[in-house]
Amino acid sequence: MRPMGAVSVARSAHSFRRIDLGLHPPDPALANVADLTACLAHGFVPWRREYGRLVIACAQPSLARHAKIRAACREPVTLAAAPANAVFDAVEAQHRERLTHEAIYSLADAEPELCANRTVTRAQAQTFAGLAVTTLCATVLWPHAMLQILAGCLAASYLANILFRTALVWCGAGETEAPPPPTIADADLPLYTILVPLYREADVLPRLVQALQALDYPPEKRDIKLIVEADDGETRAALARLDLDASFHAVIVPPSNPRTKPKACNYALRFARGEFTVIFDAEDRPEPDQLRKAVSRFRAGPETVSCLQARLNFYNRNENWLTRLFALDYALWFDFLLPGLDMLAVPMPLGGTSNHFRTSVLHAIHGWDSFNVTEDADLGIRLARLGHRAATLDSTTYEEATNSTGNWLKQRSRWLKGYMQTWLVHMRHPVALWRHAGMRGFFAFQLFIGGTVLASLANPLMWAVFLASHAAGIAIFSGALGEALARVSLFSLIVGNGLFIYLAMLGPYRRGWLQLTPYGLTAPLYWLLISAAAYRAAWHLIRRPFHWEKTRHGVSRFEAEQP
Amino acid sequence: MTLVEFPSFRRARGTLPFIIGVLSLVLIVLFPLLPPALLHTFAAALFAALLFQSLLGAGYASFHAAALTALTFAQAGILLSAAGRAGSIWLALASFCVAMTAAEFVRHRDARRVMALGGALSLAQLLDPLGGLLAVFLLPLCVGLPRSGETRAKAGLLALLLFMPVVTALVLAYFRVFLGVEATLHRVPPPDTQMPLAVLLCIAFASAPVLWLTTMVPRLNCPPGLITVYTALALLLATTLSVLTGALPDLTSLLAAGAAISAAALCTWKPSPQNQSLALAATALGAVLSWLLLNLSTLVL
Chain A
1 MRPMGAVSVA
11 RSAHSFRRID
21 LGLHPPDPAL
31 ANVADLTACL
41 AHGFVPWRRE
51 YGRLVIACAQ
61 PSLARHAKIR
71 AACREPVTLA
81 AAPANAVFDA
91 VEAQHRERLT
101 HEAIYSLADA
111 EPELCANRTV
121 TRAQAQTFAG
131 LAVTTLCATV
141 LWPHAMLQIL
151 AGCLAASYLA
161 NILFRTALVW
171 CGAGETEAPP
181 PPTIADADLP
191 LYTILVPLYR
201 EADVLPRLVQ
211 ALQALDYPPE
221 KRDIKLIVEA
231 DDGETRAALA
241 RLDLDASFHA
251 VIVPPSNPRT
261 KPKACNYALR
271 FARGEFTVIF
281 DAEDRPEPDQ
291 LRKAVSRFRA
301 GPETVSCLQA
311 RLNFYNRNEN
321 WLTRLFALDY
331 ALWFDFLLPG
341 LDMLAVPMPL
351 GGTSNHFRTS
361 VLHAIHGWDS
371 FNVTEDADLG
381 IRLARLGHRA
391 ATLDSTTYEE
401 ATNSTGNWLK
411 QRSRWLKGYM
421 QTWLVHMRHP
431 VALWRHAGMR
441 GFFAFQLFIG
451 GTVLASLANP
461 LMWAVFLASH
471 AAGIAIFSGA
481 LGEALARVSL
491 FSLIVGNGLF
501 IYLAMLGPYR
511 RGWLQLTPYG
521 LTAPLYWLLI
531 SAAAYRAAWH
541 LIRRPFHWEK
551 TRHGVSRFEA
561 EQP
Chain B
1001 MTLVEFPSFR
1011 RARGTLPFII
1021 GVLSLVLIVL
1031 FPLLPPALLH
1041 TFAAALFAAL
1051 LFQSLLGAGY
1061 ASFHAAALTA
1071 LTFAQAGILL
1081 SAAGRAGSIW
1091 LALASFCVAM
1101 TAAEFVRHRD
1111 ARRVMALGGA
1121 LSLAQLLDPL
1131 GGLLAVFLLP
1141 LCVGLPRSGE
1151 TRAKAGLLAL
1161 LLFMPVVTAL
1171 VLAYFRVFLG
1181 VEATLHRVPP
1191 PDTQMPLAVL
1201 LCIAFASAPV
1211 LWLTTMVPRL
1221 NCPPGLITVY
1231 TALALLLATT
1241 LSVLTGALPD
1251 LTSLLAAGAA
1261 ISAAALCTWK
1271 PSPQNQSLAL
1281 AATALGAVLS
1291 WLLLNLSTLV
1301 L
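Going line by line, the protein sequences match chains A and B. Letter 328 of the first sequence, counting from 1, is numbered 328 in the working numbering, and no numbers are missing. Letter 29 of the second sequence, counting from 1, is numbered 1029 in the working numbering, and no numbers are missing.
By construction, these hints were calculated from the structure, which means they are not laboratory data. None of these values were measured; they are calculated from a predicted model. Incorrect hints may appear among the rest.
[To be verified] Looking from chain A toward chain B, a few residues come up when the C-beta cut is under 8 Å (computed):
1) W170
2) A173
3) G174
4) G498
5) M505
6) L506
7) Y509
8) R510
9) L514
10) Q515
11) P518
A virtual CB, placed ideally from N, CA and C, is assigned to each residue, including glycine.
Go ahead and model the full structure; you've got the sequences and the hints to work with.
In structure tokens, the structure reads:
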């Protein structure tokens, strides 16, 4: 890796003494002279004492900064210049333990009721146990009636979920083409932090770097953090082999539990210098103008819009049946459902990558929940509860779709486990959720987060009930109530499944990928996989709630192409 | 905030009639115990409201929209079927929804219009048995319109447009064959007059001057307008087919449907003062012709 930050230091700090922190590391005894937050905010590290005076290595030394650093250190200081990345590495080395603790527990310490470090609270456990016992007793006493009621409830909630989704698609489909964003001169563009968590991604690293370099954004205004786990020797070695410019900064995350992406992102977030921050995954290929579009949207929109979610889809969608169905799924999600949520101004669960944030807001809400395996979805809900808004950004990031069933199941069950965690966390205090998100937001949360999980779990059950009552001739529904419930169930089964298939077929319409539409007819087979993933997720939630199942990337035989 | 002011609905003003139609249908389906006369009145009122709102949405002045609605209701088919004396108002409602959503689809071609057209074609089958045939005949016309695009993409669009009506047809068939339930709202009424098919088609064609103008006057001629004319032709074709397969001809319902499609065609005209006056004159002429031809045919036959 080339010396980092050399250009900016030479330009702004030509009159200051220059220090090579690699050859002359800071004195560890001075680690606590200044507060960690001040060190990171002003980009400095107490270096050594020379002739009784404290010498500070600073990324961008200036007279204005001198006063601030002096105040932070509470004594006279002498400033010296050092490359920005070297300064941050030195700070990281001095405060590793505290940074690790904060990366894991920042949210748990500040907002314990919003952290998933406990899967269920005592009150929730008591409620669930009470419900289970009551249902069990009622089933023993009135088996037939209970079976009818349960089947009816399942059908009604399933139907409510699909009708809500249809309404969202209707709203999302009405989203008009956004006018081209006003051109912002390079000089007016802010520093933009790009976080890229990497774990065993040595194979895709060169292509990732290529994609990031292809972004239409001035290199000196990119603050790219490649986040690598300390024990991931393979990726670290691959990183060392690359000749990266000063805009890249490798952040090494020390080993600690839970080993999750949000923890790694929290760790790196402390070093983010940009006004805005975006997350990309290792296999991502964002459209080159995405950062400029995001800046324009942030500047044009109200201050309450704190997050922009770009659209996601796959460059290897035509690889096999699974990737095609996955592409339909994503197209529906990012092109219709999320814009629908945006239009209704209700909480939006963010997708795993290409989330653009105002960095200050991200800091203020304590970053991501390290214990939630869909930290992005949780963050979207948390933003809404705290009065912020997430909106959609009309720019696409192309990813690699998992192309094998095993890999897909792992990924999907992690997502569904995360949705279960998110629902459990935010339903600890339903009244508070109602108060924060409003009535519309509350119901949208139930139907979109809870409904996604419930539909995945309920679908095979509903088919079982239908087949048992029709094919096998078992009379589940009887009597006046049974007749009514049978009608609701039949309606739910036919209309619900019909609409699910139709929405899957509609998914690629906006992108003009109509050749994928007929594959939507095979969506019921895909739901079987989703249901399998949901049951697996439920099992994992009980056994290994914080375990992050790694999705393997770089296995597709398709190369990223121009969309 | 009213429903129309709600942002997502405001953006979709052109397809608002469809939403109201679907909501009304849900109400009808959920309340099958309502007396038929009430449902009938409800259908007529709904049609009037949809028509008036659609004309307003198309840019007509309130006075012209009200007058056009009144004149459409003065047409023989609509008036007789709305009053419950003959024919069926349901076919008019179905035809109006299909023609409106098809015109919107041709104009915008976005996902929402695809959904609306698919929904309207399904709705047509639920409202009237002739609606099923209308769906079958109209779809190829809609799909044939894309000017470019590869075959596979066209197949995708076809699958998308066909899905909802085909599933509806299958569900209706399932209800009819396996459960013995006739799920369509409209029962074919006894024919008001026995007349040869050719005469029936000629009368229906002659009493729709709005559609002639839409086809022949260059300034009124546009793809959305033409699709409403295609809808009318598809209706005539569907009627022919149903009569040839043994159904009894029903002139009043056909006239009502023609008036409804004419009203949808008016919504595709540019609402300049000249066109608004022409719309009033053509609709009035249509109403007069319908009564004249209906009575004349009854007298002669």
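Consistency of the hints with the structure:
no.	hint	verdict
1	W170	holds, 6 Å
2	A173	holds, 4 Å
3	G174	holds, 5 Å
4	G498	holds, 5 Å
5	M505	holds, 5 Å
6	L506	holds, 6 Å
7	Y509	holds, 5 Å
8	R510	holds, 6 Å
9	L514	holds, 3 Å
10	Q515	holds, 4 Å
11	P518	holds, 5 Å
The structure shown violates none of the earlier numbered hints.
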